[in-house]
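Q: The lines below spell out each chain.
Number of protein chains: 2
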Amino acid sequence: MERKRIAIVGVGLIGGSLAIQLHEKKLSAKLVGVEANSLHAQQAIKLDLVDEILPLREAIEQSDVIVLAIPVDKLVELLPSIIDQVGQQIVVDLGSTKSQVIELLKNHPKRGRYVATHPMWGTEYSGPEAAVRGAFENKAVIICNAEESDADALEWVKGMYKKIGMHILEMEAKAHDLHAAYVSHISHITSFALANTVLEKEKEEQAIFELASAGFESTVRLAKSNPAMWVPIFMQNKENVLDVLKEHIAQLSRFKESIEKEDYEYLLRLIEDANKIRRIIK
Amino acid sequence: MERKRIAIVGVGLIGGSLAIQLHEKKLSAKLVGVEANSLHAQQAIKLDLVDEILPLREAIEQSDVIVLAIPVDKLVELLPSIIDQVGQQIVVDLGSTKSQVIELLKNHPKRGRYVATHPMWGTEYSGPEAAVRGAFENKAVIICNAEESDADALEWVKGMYKKIGMHILEMEAKAHDLHAAYVSHISHITSFALANTVLEKEKEEQAIFELASAGFESTVRLAKSNPAMWVPIFMQNKENVLDVLKEHIAQLSRFKESIEKEDYEYLLRLIEDANKIRRIIK
Numbered sequence: 009m010e011r012k013r014i015a016i017v018g019v020g021l022i023g024g025s026l027a028i029q030l031h032e033k034k035l036s037a038k039l040v041g042v043e044a045n046s047l048h049a050q051q052a053i054k055l056d057l058v059d060e061i062l063p064l065r066e067a068i069e070q071s072d073v074i075v076l077a078i079p080v081d082k083l084v085e086l087l088p089s090i091i092d093q094v095g096q097q098i099v100v101d102l103g104s105t106k107s108q109v110i111e112l113l114k115n116h117p118k119r120g121r122y123v124a125t126h127p128m129w130g131t132e133y134s135g136p137e138a139a140v141r142g143a144f145e146n147k148a149v150i151i152c153n154a155e156e157s158d159a160d161a162l163e164w165v166k167g168m169y170k171k172i173g174m175h176i177l178e179m180e181a182k183a184h185d186l187h188a189a190y191v192s193h194i195s196h197i198t199s200f201a202l203a204n205t206v207l208e209k210e211k212e213e214q215a216i217f218e219l220a221s222a223g224f225e226s227t228v229r230l231a232k233s234n235p236a237m238w239v240p241i242f243m244q245n246k247e248n249v250l251d252v253l254k255e256h257i258a259q260l261s262r263f264k265e266s267i268e269k270e271d272y273e274y275l276l277r278l279i280e281d282a283n284k285i286r287r288i289i290k
Numbered sequence: 009m010e011r012k013r014i015a016i017v018g019v020g021l022i023g024g025s026l027a028i029q030l031h032e033k034k035l036s037a038k039l040v041g042v043e044a045n046s047l048h049a050q051q052a053i054k055l056d057l058v059d060e061i062l063p064l065r066e067a068i069e070q071s072d073v074i075v076l077a078i079p080v081d082k083l084v085e086l087l088p089s090i091i092d093q094v095g096q097q098i099v100v101d102l103g104s105t106k107s108q109v110i111e112l113l114k115n116h117p118k119r120g121r122y123v124a125t126h127p128m129w130g131t132e133y134s135g136p137e138a139a140v141r142g143a144f145e146n147k148a149v150i151i152c153n154a155e156e157s158d159a160d161a162l163e164w165v166k167g168m169y170k171k172i173g174m175h176i177l178e179m180e181a182k183a184h185d186l187h188a189a190y191v192s193h194i195s196h197i198t199s200f201a202l203a204n205t206v207l208e209k210e211k212e213e214q215a216i217f218e219l220a221s222a223g224f225e226s227t228v229r230l231a232k233s234n235p236a237m238w239v240p241i242f243m244q245n246k247e248n249v250l251d252v253l254k255e256h257i258a259q260l261s262r263f264k265e266s267i268e269k270e271d272y273e274y275l276l277r278l279i280e281d282a283n284k285i286r287r288i289i290k
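If you read the sequences in order, they're chains A and B.
Position 225 (the first sequence) corresponds to 233 in the numbering used here; numbering is contiguous.
Position 69 (the second sequence) corresponds to 77 in the numbering used here; numbering is contiguous.
A hint or two may mislead.
No copy labels: a pair is met if it fits in one copy or bridges any two.
Calculated lysine-lysine pairs in the DSBU-like style (CA-CA distance at most 35 Å, straight line) [to be verified]:
1) Lys12 <-> Lys34
2) Lys269 <-> Lys170
3) Lys246 <-> Lys182
4) Lys170 <-> Lys118
5) Lys182 <-> Lys254
6) Lys182 <-> Lys166
7) Lys269 <-> Lys254
Because the hints were derived from the structure by calculation, they are not lab data.
Taking the hints into account, I'd like the entire structure generated from these sequences.
A: Structure, rendered in structure tokens:
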């Protein structure tokens, strides 16, 4: 693939990790960062994630590809005006929700320059210092409403994701948001609520520190995730998230009732049902 | 430490992993397995976890130390008669709940030969084939009601745990069961319920398989855990588990309400509260 001049808007966990990959896989002729947080801007330069930091307008002018790796509320705020400014450049976003942004651009004359994507990778940390080498590899990336993107833009974005080791799935935005609620968003709510439960009940923090098993750490680690990223995801995916959250509370209530009533046959069945996740996850 | 003849009752994930450690750290002169499941008995021999499989009575007769690594319902069933049989041997259990078994033996004339412990290590897999080399290292082990054990028995058990790389904490059984509900038992219920939620809502299993991120896998992995181990834990720790489970449902309901009412400031605060787990977990 021909190297392109690439602007990364939002050089945090996701944008920074992508920058490392774009550089290492020789996809970028130049990497320009756009970063509203001045500390993050300094860190991005110091960590050599991007060649320089520019204001958004200049970054757009000087780039062939504009990558948006910002929280989804900032995305719906910025994307229309970015699309207004581009000519034949490619604009791609990496946001975790897709319906609202796609709906927003539906009738935009330059809609074709935009490719809506969601790489299924992340960690519970944030900011440029959280950027990881080798991120995204062997993970799935979802491209939404691909038919609304221009062929050349779509082709380049697919090529980029293949080169960084991702496998590509195509999906309509509505289906994406539904599936994302099941396999990603609910896990975060579960983990946030678990952290709050333990912090509320366990007054001896030293005991958590000393006793916490690998199991606890694994279920609670997502609770460290950045609220600036997650609040807008839950806002934009409200209906799907509520739907699956209500089911989750109902499932927990079954555990509660079976233990309360000492109905251990029912409890056994509930756990055996849960074991079926083995069919799907390793 | 002098090598001892050790019997391991229950050569599964926990007993098998301990067997590997006892052998590698040169703590055992001989390792005898007792295993009710004949397939597991064959596997334990084939995997060289123990030297031979014997019936319980003979294993007790031929051993200096009897280690019990069986589900906690089997433990309360077997332990009194085992203690009846021992002379100066040491009996140690590795169960996840402690109050009931300690209460059961309180007035037993040979109570001193028994040391109640809970090593904070496990995985979501079970059986001898799930046994792991290097298990328990750098984890905590809790010894309960240590003052009720004979000095020589306590000393040997502490030495064993130190030798396999664990750090030792002492605690009363009631405190143990409370803390264990917070930092271990609730994580398992959360994960079981999350698996049931996703299996109930997501009818396209292929989508879970393809889209599941590392985050989902991390919150749901405990859902693969063995019901034969976990049902008795929830039974024996009923009051503590219910107490923390009710709080967890209440915490999830706060997330639900904040999203329903679009009270995103409250949602932000809930997530910021959850982030405080960073103080404790890495």
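Q: What are the numbers of the hints the structure violates, in ascending order?
A: 2
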